[in-house]
Amino acid sequence: MNRACDTQAAAVAEASAAACVPDSHDPGGPLATRWERRRAELGLVARPRRRRHTVVVVGAGLAGASAAATLGELGYRVLCVCFQDSPRRAHSVAAQGGINAAKNYQNDGDSVERLFADTLKGGDFRAREGNVYRLAQLSLPIVDHLVAQGVPFAREYGGQLQNRSFGGALVARTFYARGQTGQQLLLGAYQALSKEVAAGHVRMLPRREMLDLVVVGGAARGIVTRELTTGRIELHFGDAVVLASGGYANVYGLSTNARGSNASAIWRAYVRGAAFANPSFVQFHPTCVPLRGEQQGKLTLMSESLRNDARIWVPRTPGDARAPHELAEATRDYYLERLYPRYGNLTPRDIASRAAKTICDQGKGVGPSGRGVYLDLRDALRREGEAVLRERYGNVLQMYERLTGDDPLRVPMQIYPAAHYSMGGLWVDYDLMTTIPGLFAIGEANFSDHGANRLGASALMQCLADGYFIVPYTLTGYLAGGELGQVSAEDAEIRALVAGVSERVARLAGAGGRRTAGDFQRALGQILSSACGLSRSGPRLARAAGEIAALRAAFADDLCVPGTAAELNQELERAGRVADFLELGELMCRDALAREESCGCHFREEHQTADGDARRDDSRFAHVAVWRYRGRDQAPERLIEPLAFEALGPCERSYR
Amino acid sequence: MKLALRIWRQDGPAAHGAFERHCVVGLAPEMTLLDALDVLNERLVHAGKRPVAFDSDCREGICGACGMLIDGFAHGPRALTTTCELGLRAFADGAEVTLEPFRAGPFPVLRDLCVDRSALDRIIQAGGYVSVRTGSAPDANAVAVAKPAAERALDAAACIGCGACVAACPNRSGALFVGAKLAHLGQLPQGAPERGRRALAMVAAADREGFGGCSSHGECQAACPKGIGLGVIARMNREFLVAAVRDGG
Numbered sequence: 005m006n007r008a009c010d011t012q013a014a015a016v017a018e019a020s021a022a023a024c025v026p027d028s029h030d031p032g033g034p035l036a037t038r039w040e041r042r043r044a045e046l047g048l049v050a051r052p053r054r055r056r057h058t059v060v061v062v063g064a065g066l067a068g069a070s071a072a073a074t075l076g077e078l079g080y081r082v083l084c085v086c087f088q089d090s091p092r093r094a095h096s097v098a099a100q101g102g103i104n105a106a107k108n109y110q111n112d113g114d115s116v117e118r119l120f121a122d123t124l125k126g127g128d129f130r131a132r133e134g135n136v137y138r139l140a141q142l143s144l145p146i147v148d149h150l151v152a153q154g155v156p157f158a159r160e161y162g163g164q165l166q167n168r169s170f171g172g173a174l175v176a177r178t179f180y181a182r183g184q185t186g187q188q189l190l191l192g193a194y195q196a197l198s199k200e201v202a203a204g205h206v207r208m209l210p211r212r213e214m215l216d217l218v219v220v221g222g223a224a225r226g227i228v229t230r231e232l233t234t235g236r237i238e239l240h241f242g243d244a245v246v247l248a249s250g251g252y253a254n255v256y257g258l259s260t261n262a263r264g265s266n267a268s269a270i271w272r273a274y275v276r277g278a279a280f281a282n283p284s285f286v287q288f289h290p291t292c293v294p295l296r297g298e299q300q301g302k303l304t305l306m307s308e309s310l311r312n313d314a315r316i317w318v319p320r321t322p323g324d325a326r327a328p329h330e331l332a333e334a335t336r337d338y339y340l341e342r343l344y345p346r347y348g349n350l351t352p353r354d355i356a357s358r359a360a361k362t363i364c365d366q367g368k369g370v371g372p373s374g375r376g377v378y379l380d381l382r383d384a385l386r387r388e389g390e391a392v393l394r395e396r397y398g399n400v401l402q403m404y405e406r407l408t409g410d411d412p413l414r415v416p417m418q419i420y421p422a423a424h425y426s427m428g429g430l431w432v433d434y435d436l437m438t439t440i441p442g443l444f445a446i447g448e449a450n451f452s453d454h455g456a457n458r459l460g461a462s463a464l465m466q467c468l469a470d471g472y473f474i475v476p477y478t479l480t481g482y483l484a485g486g487e488l489g490q491v492s493a494e495d496a497e498i499r500a501l502v503a504g505v506s507e508r509v510a511r512l513a514g515a516g517g518r519r520t521a522g523d524f525q526r527a528l529g530q531i532l533s534s535a536c537g538l539s540r541s542g543p544r545l546a547r548a549a550g551e552i553a554a555l556r557a558a559f560a561d562d563l564c565v566p567g568t569a570a571e572l573n574q575e576l577e578r579a580g581r582v583a584d585f586l587e588l589g590e591l592m593c594r595d596a597l598a599r600e601e602s603c604g605c606h607f608r609e610e611h612q613t614a615d616g617d618a619r620r621d622d623s624r625f626a627h628v629a630v631w632r633y634r635g636r637d638q639a640p641e642r643l644i645e646p647l648a649f650e651a652l653g654p655c656e657r658s659y660r
Numbered sequence: 024m025k026l027a028l029r030i031w032r033q034d035g036p037a038a039h040g041a042f043e044r045h046c047v048v049g050l051a052p053e054m055t056l057l058d059a060l061d062v063l064n065e066r067l068v069h070a071g072k073r074p075v076a077f078d079s080d081c082r083e084g085i086c087g088a089c090g091m092l093i094d095g096f097a098h099g100p101r102a103l104t105t106t107c108e109l110g111l112r113a114f115a116d117g118a119e120v121t122l123e124p125f126r127a128g129p130f131p132v133l134r135d136l137c138v139d140r141s142a143l144d145r146i147i148q149a150g151g152y153v154s155v156r157t158g159s160a161p162d163a164n165a166v167a168v169a170k171p172a173a174e175r176a177l178d179a180a181a182c183i184g185c186g187a188c189v190a191a192c193p194n195r196s197g198a199l200f201v202g203a204k205l206a207h208l209g210q211l212p213q214g215a216p217e218r219g220r221r222a223l224a225m226v227a228a229a230d231r232e233g234f235g236g237c238s239s240h241g242e243c244q245a246a247c248p249k250g251i252g253l254g255v256i257a258r259m260n261r262e263f264l265v266a267a268v269r270d271g272g
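Residue numbers (my numbering), protein chains in the order written: chain A, 5 to 660; chain B, 24 to 272.
Treat the hints with care, as some may be off.
[Stated by the list, open to error] Quick look at which bits of chain A chain B covers, simulated, 3 or more residues with Cβ under 8 Å:
#1 196-202
#2 352-358
#3 402-408
#4 462-470
#5 565-572
[Said to hold, decoys possible] Not everything, but these chain B residues come out facing chain A in the computed CB check (under 8 Å):
#6 48
#7 162
#8 240
[To be verified] Beta-carbon label-pair distances, calculated as ranges:
#9 245/B / 275/A: 49 to 59 Å
#10 29/B / 207/A: 48 to 58 Å
#11 264/B / 163/A: 26 to 36 Å
In short, the hints are calculated from the structure, not lab data. Please read all numbers here as calculations on a predicted model, not as lab measurements. Where a beta carbon is used, it is the ideal one built from N, C-alpha and C, also for glycine.
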């Protein structure tokens with residue numbers, strides 16, 4: 005079907021045909037030319053006409069800022085909102101390690117095919133082939149663009165770009181700027197966005213939170229926001245809406261995400277009809293600083309790139325409490341090297357995380373809580389010298405020392421897995437459009453490219469592929485599909501929507517119970533961590549669903565939020581986010597329960613090999629689980645999008 | 024461990040503010056100052072009182088959202104440390120610690136310890152970028168960049184836009200912030216074509232926003248959590264002067 009002409013009409017018709025299996029609109033045919041062919045099909049909008057279209061972008065991280073800047077450059081009127089006080093602070097800023105690109109500058113055998121294969125295999129064959137191949141292709145122009153923007157990547161003495169390796173890859177394809185690659189990439193996108201703000205193409209509205217989606221005639225036509233300093237409820241219309249609001253690892257209470265990272269934008273879209281895919285696929289990052297105390301507000305990530313040089317180990321004997329330097333070589337268990345000799349310390353994140361949990365369950369964990377393993381730079385220090393390591397990892401080492409008081413070059417670091425990244429998210433088709441026509445989801449907010457596990461240095465790549473190189477084309481194709489009707493703030497439907505948002509906010513602001521929003525978030529986190537975390541089982545998941553329902557009831561009765569809705573009220577902001585997390589947590593348990601196999605991050609204890617590896621079930625579960633909302637008191641509907649693997653037959657994912 | 028927190032409370036930009044004193048007990052040295060504020064806030068909410076408003080997000084020293092005057096120092100007494108990274112080890116048990124918002128004309132107080140730093144965004148909008156259209160770049164390795172230049176550019180690009188340099192400066196100057204961006208982009212071949220224009224526009228924007236001039240006190244350098252030094256201000260002055268002479272300012 006040629007979607008260039010009748011995109012909108014067809015999409016609206018399709019969305020209204022409930023209960024159908026969503027169509028990914030993958031153009032099919034040879035992988036290498038799929039995206040090129042899709043681009044040729046997509047309609048164009050003449051430059052003078054672009055000015056007449058407003059596009060609303062929610063979020064200003066790597067995905068949102070790159071999309072807003074590029075759409076602005078193209079001549080659209082862009083409205084970009086973010087909850088931070090400046091777009092430069094979105095949580096992409098905290099990505100440390102780097103960005104993958106199949107440049108093969110190291111001459112070590114890399115290629116688009118290999119990056120594609122690594123990513124698909126890394127995701128345990130639960131991603132779409134067509135999307136992943138396009139991602140690998142777009143990795144090339146992304147790095148070109150970043151360099152042209154003035155991103156100060158690491159260089160060799162000859163002036164050429166430097167690379168390093170990340171988990172799940174045998175080649176060095178990761179481009180980096182010390183341990184602050186995300187910051188530098190975000191500044192590139194933020195600066196591009198700033199240029200468009202100055203040119204008058206983008207209106208930037210910081211300190212705003214999206215609280216609802218405007219759907220008119222079946223299509224996304226705008227958003228409702230709360231201005232966070234005054235509490236004003238605002239209505240913003242547009243001809244298309246792009247959600248780039250990031251991931252939801254904070255549903256676990258503690259995670260490596262920023263404190264403000266939340267699921268509200270995508271959850272509101274879900275409630276308005278956008279399907280949610282694979283909600284239980286959440287990555288636990290293996291190299292985080294272990295929890296230091298109950299009052300801690302946030303977990304801190306140590307870049308995975310450290311695994312290039314550091315070796316991971318625990319004492320061989322359970323309960324051996326001697327200091328690390330007292331443990332001779334023979335009394336150490338380098339368990340990743342032992343279990344996975346081919347990849348060693350560079351096994352993918354899901355495997356390294358689960359191995360750490362298993363080894364700590366055996367009583368070999370270190371640190372005060374026994375939930376920690378050593379990440380030891382000793383051998384690298386002898387081999388490379390201090391100056392080289394400080395140059396490679398500078399700020400990461402400093403950050404660890406500030407947090408713990410230990411110098412990682414003298415004392416081995418202690419690490420443990422923490423919730424980090426959501427592979428699940430809003431379902432999108434090949435054009436990154438959700439099941440609501442005109443509503444796009446990009447970056448971590450969508451589910452698309454990482455399957456059941458994301459490889460390191462692939463998140464930045466995906467955000468920028470989506471924002472710079474995909475959505476500007478596909479959104480144009482959507483707008484070229486025909487005229488959209490007028491919308492007015494005076495319509496009864498719209499007034500009711502805005503009134504509903506105000507009412508919801510007012511209800512939270514008036515809550516006079518005894519428990520804080522933080523209280524509920526921690527309680528939810530505990531339920532999810534034990535039932536739907538690193539390791540999952542049917543009975544625990546079933547029990548958790550009931551516990552979360554009870555917690556939701558308690559939230560409705562016993563929440564306490566001081567202050568009013570008409571002022572800067574951070575407790576109110578948090579309460580709103582927790583309300584949505586409570587609903588999302590329930591859906592995650594449902595999803596994890598329904599997927600009776602182990603794949604990537606989703607490890608069901610009932611489904612494992614004799615070696616304790618994940619046992620996938622391709623005959624029953626080679627599909628995307630697509631959930632549709634059916635009302636507050638009704639169970640959501642689970643649809644499936646089957647996954648076909650033509651280029652790369654799904655193999656057992658072995659890193660041994 | 025316990026602390027006596029003396030905290031600036033102010034309801035809004037136009038409201039009068041005052042200090043409020045809270046004793047927070049049950050703390051531990053491995054906690055951060057912001058963990059302690061979280062503990063205080065939970066207790067205030069439990070008591071039905073309005074919690075202390077403060078900005079923070081990543082809690083690992085990179086997003087630049089946090090920032091307050093801690094005992095008179097921007098980001099507190101420890102060098103190269105943001106507010107969110109400041110551990111309670113920096114304080115004696117039982118100490119009184121004074122927390123105030125960053126004080127500067129261009130940073131109006133929104134509430135309690137939250138300030139509006141959008142003036143810094145407007146300075147970047149004036150010219151803190153490389154004008155390159157998406158999709159028009161040459162191959163990433165087409166232009167060699169000398170390693171020392173790339174490293175120096177990154178030293179300057181490490182700025183997190185927190186505004187501590189402004190809050191620490193007796194003149195409330197934005198020179199370290201402006202200089203850092205000029206030093207980042209000006210030392211790379213990709214940023215060279217717009218160097219002069221960028222310097223003139225960003226300096227003019229800082230003036231427009233009401234930031235003061237630099238008189239080389241060096242307080243900004245001491246306060247910068249990312250170790251950005253006065254060298255970038257020298258560079259700003261040179262770039263501005265060269266551009267002003269060449270382009271007739």
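* Check, residue by residue, whether the stretch 196-202 of chain A contains three or more positions whose beta-carbon lies closer than 8 Å to a beta-carbon of chain B, and give the verdict. => holds (count 5)
* Measuring from the C-beta of residue 48/B to each C-beta in chain A, is the shortest one below 8 Å? -> Status violated, d = 12 Å.
* Do three or more residues from the stretch 565-572 of chain A put their C-beta atoms closer than 8 Å to C-beta atoms of chain B? -> Per the Cβ count (5), the hint holds.
* Was the hint right that residue 162/B lines chain A, CB cutoff 8 Å? -> holds (6 Å)
* Given the hint of 49 to 59 Å, check if residue 245/B and residue 275/A actually sit that far apart at their C-beta atoms. => Holds: the Cβ-Cβ distance is about 50 Å, inside 49 to 59 Å.
* Given that the stretch 402-408 of chain A was listed as covered by chain B, double-check it with a C-beta distance under 8 Å for 3 or more residues. => holds (count 5)
* Would you check chain B against the stretch 352-358 of chain A, counting CB to CB pairs closer than 8 Å, and say if three or more residues qualify? => violated (count 0)
* Quick one: are residue 29/B and residue 207/A within 48 to 58 Å, going by C-beta? -> Cβ of residue 29/B to Cβ of residue 207/A: about 40 Å, so the range 48 to 58 Å is violated.
* Would you check whether residue 240/B satisfies its interface hint, that is, whether its CB is within less than 8 Å of any CB in chain A? => violated (26 Å)
* C-beta pair residue 264/B, residue 163/A: status relative to the range 26 to 36 Å that was hinted -> holds (29 Å)
* Asked: In terms of beta carbon proximity below 8 Å, does the stretch 462-470 of chain A have 3 or more residues touching chain B?
  -> Answer violated; 0 residues pass the 8 Å Cβ test.
Hint compliance for this structure: hints 2, 4, 6, 8 and 10 are broken, all remaining hints hold.
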